[in-house]
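Peer 1: Chains as they are written, first to last, in this note's numbering: chain B, 1 to 297; chain V, 1001 to 1239; chain P, 2001 to 2316.
Quick caveat, the hints were computed from the structure, so don't treat them as lab data.
Just to be clear, a hint being listed does not mean it is correct.
[Claimed, not checked] Listed next, with one range per pair, are the computed distances between beta-carbon atoms:
(1) Gln1195(V) / Asp2197(P): 24 to 32 Å
(2) Arg285(B) / Met2199(P): 18 to 26 Å
(3) Ala1013(V) / Asn2244(P): 42 to 50 Å
(4) Val10(B) / Phe2083(P): 18 to 26 Å
Since we're looking at a predicted model, the values are computed, not measured.
Cβ atoms here follow ideal geometry from the backbone N, Cα and C, with glycine treated the same way.
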Amino acid sequence: MLDILSVRLVVEIFINGVLFGAMYGVAAVGLSLIFGTMRIIFIAQGTIIVLAAYVVYWLFNTFGLDPYLSLVVVAPLAFATGATTYRFLFRKAAAMADKNTSLLIAVGLMFLVQNVISFVWTPNPKSIITSYTAVGFEVFGSRISVTRSISLVIALAATAAVVLFLRRTLVGKAVRAASENMQAAMLMGIDPHRVNAIAFAIGFALAGAAGVALATTYPFDPYYGFSFALKALIALALGGIGNVVGALLGGILLGLIESFSSFFISAGWADAIAYAVFLLVLMFRPEGLFATSFKKA
Amino acid sequence: MNHLLEIKDLSVAYGDVQALWDVSAHVDEGTVVSVVGANGAGKSTLMRAISGLLEPLSGDILFRGETLVGVPAQEITARGISHVPEGRGLFTQLTVQENLELGAYLAHVRPHFAASLDHVFTLFPKLKERRGQKAGSLSGGEQQMLAIGRALIARPKLLILDEPSLGLSPLVVRQMFELIARLHDEGVTLLLVEQNIRQALKAADRAYVLQTGHVAMQGEAAALLENPQVQKTYMGALD
Amino acid sequence: MTREKRIIGLSAIIVAALALLPFVPGAADSYLFFLLYLFFLYTIIGQAWNLVAGYTGQISLGQHAFFGLGAYTAALVWSRGLFGAEHVYYFDPLTLIASGLVAAAFALVIGFPLLSKLRGDYFALGTLGFGEIVRVAFVKGGSYTGGPFGIVLPSSLYESLRPHYWLGLGLAAGLTLLIFWIRRSSLGLALVAIRDDEMAASSNGVNVLKYKLVAFALGAFFTGMAGCLQAYYLFHVSPEGFLNLNWTLYPILIAVIGGSGTVLGPVIGALAVTVVFSYANIFFPELHPIFSGLAIILVMLFMPNGIMRLRFRGRA
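Please model the entire structure based on the sequences and the hints provided.
Peer 2: Here it is as structure tokens:
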């Protein structure tokens, strides 16, 4: 029989898992979009999130800009950066049949950005402390922080925006079409570079949103991005590549796995367990856990 | 007279394997031209080169007097060539309606979308019933109709159909050729690839017979239909 | 094939000259000597990665695990005296081979499921996941692995860099020679066939999985020995120093800059990387990691086939 205290504890672990997992989910949605049109795993995604977190940190410390307000600056900036990154780094490689070139450029970009961050802001962890960071409210007797709740809202809103874009706009439909069959999309007059650039731009904008969520809730350092990207990949694998809502759910599931295993086993092993789950899913259910009608072309 | 489409000494390779050697052909406005031949003769390769999915090794492709060589596929579509590829190229995860909307992706086509859609729905009433369904859930014949309908939405100056009868039941194949006749009557210029040679020759004005990457025979479709060599090689067993 | 013969002859002369260099008085104390040691180490790990990626097209992102496994094997065997108290562990051939074998054994165990089921990106991600699991396992290994701090070895044994230099040269030259030979063997032909068209290779009776596994395990074997060699140099085996992702990024950088899928590509890449790193280290030490990231991007953008340019396709 569980007493009140442990019920409260389990609720708390659960809620924290969901909140943190939602951030993985947003990163995974970005990866999913880029993978959809480009067929590459954009391994630098986590590092872009961390970069966004540093920009939020910088805006907060230099101009006193509220971190949530900075989303208005960071998301469009990230969107433009994404399109530019595609134009100058990936456009040429995207046309090659050998996807390894793109993958390696992403590896180089990750390496470059994390070390630039480390050079500019030192390798020491940073965090943002606002007047409301410590504020929380109670649900079922468990304390939930306001900032983490806002992060969850940002994650859900960003995913919803992407889903709406993909379902309701012609360009969004073109992105979906290109993800399924790029050559057929070209025969519709769709420019592959345009949809690739859009996927990158949205992927980066999502990284911007995730960066705001990260900066307000957890400490971050320049090298954190890589493990974040790995987590996003795991979320993607859990959710099924190419499935936007699945990616968010995969992220939340991963957050739960981590938060429960770090409580019941140990914090250090939580990562290894997450990777083990990842390997198992890759091998035994590559279409993801949430795929209902998966059709392989 | 200038041809709508003119192919001059075209050679194309698929990876390391050359598939076409010095192919020359032309299509005039308002006509139906069939390209026939056995499996692997290079018919689809020729179509993919025309629509920009493959880069030729040498030779030229002129469309309304301008070269298409080196022009990206999406730009060729914008110039007025719609290609329904082998395997149809539908977006199976998107709905019928969404597939048709993407047929009008190009900016100059979009204003005519509503009218074109009406036209497509009169041609294929089934598609109107199924507009909310995923394209992947349609039957083979319906998928082919959707693919052709989607190509027609763009109001192409040249419509390329690659093996439209492939994998369809005899009844649906007949409907398909009725449709081709109807499009011909409407003045649509058609380049038709077929393994079903008798039907393809009956439907066409002109025809080319491809054999292992070369043009083996060409001329009026009616004449080729009577040609004893064509009959012997391609239709012998069937009669 | 006179050009090839000339290259072989020239390489033999260079290797012989390098082998004799430590006898030059004072040479072993110079900074250049250390750089040459690094060059050999980089050549080994670059060639080992290239064996899998360059010849079979499968990108391994778990090389740091093999490097670390080799180093930890050496450290554990030594610190626990597993070969007996009287045994000499410093530059011990038995330990060296054990380091390689442990890494290769892990490569077989992890490679079998990964290579039989995963392709392309998925294989890369699978190996990355494997590498991280190994890293976490050593960090959380408690007293057995020394946890985050690692294992310290008796550094009083260090006399000079000469043995490291010779062993590094021997392994680098040996591996390069081995790959040169493999390329002309049926194994090499099978590997290239797999890279170019796996389906065709498989339908022509090439046992794709077997060849990929052999290449993967052989790469791990040499990477593990390189880890052992580096352990003899640092005398401190830690997750930070040996299970660092840099040990996966460096070989990629090396092979890609030199030209992946070529025999001499990783050698040239290792030389370029050693020079760039050491100069960057001297002139702008904080910026040096930035350079390596930039170098990968620039190379991939402007010469995706590397310095060697041409890929060997089948028999030259």
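Peer 1: So, for every hint listed, does it hold in this structure?
Peer 2: Here is what the structure says about each hint:
| no. | hint | verdict |
| --- | --- | --- |
| 1 | Gln1195(V) / Asp2197(P): 24 to 32 Å | 26 Å, holds |
| 2 | Arg285(B) / Met2199(P): 18 to 26 Å | 24 Å, holds |
| 3 | Ala1013(V) / Asn2244(P): 42 to 50 Å | 45 Å, holds |
| 4 | Val10(B) / Phe2083(P): 18 to 26 Å | 50 Å, violated |
Violation of the numbered hints given earlier is confined to hint 4; every other hint is satisfied by the structure.
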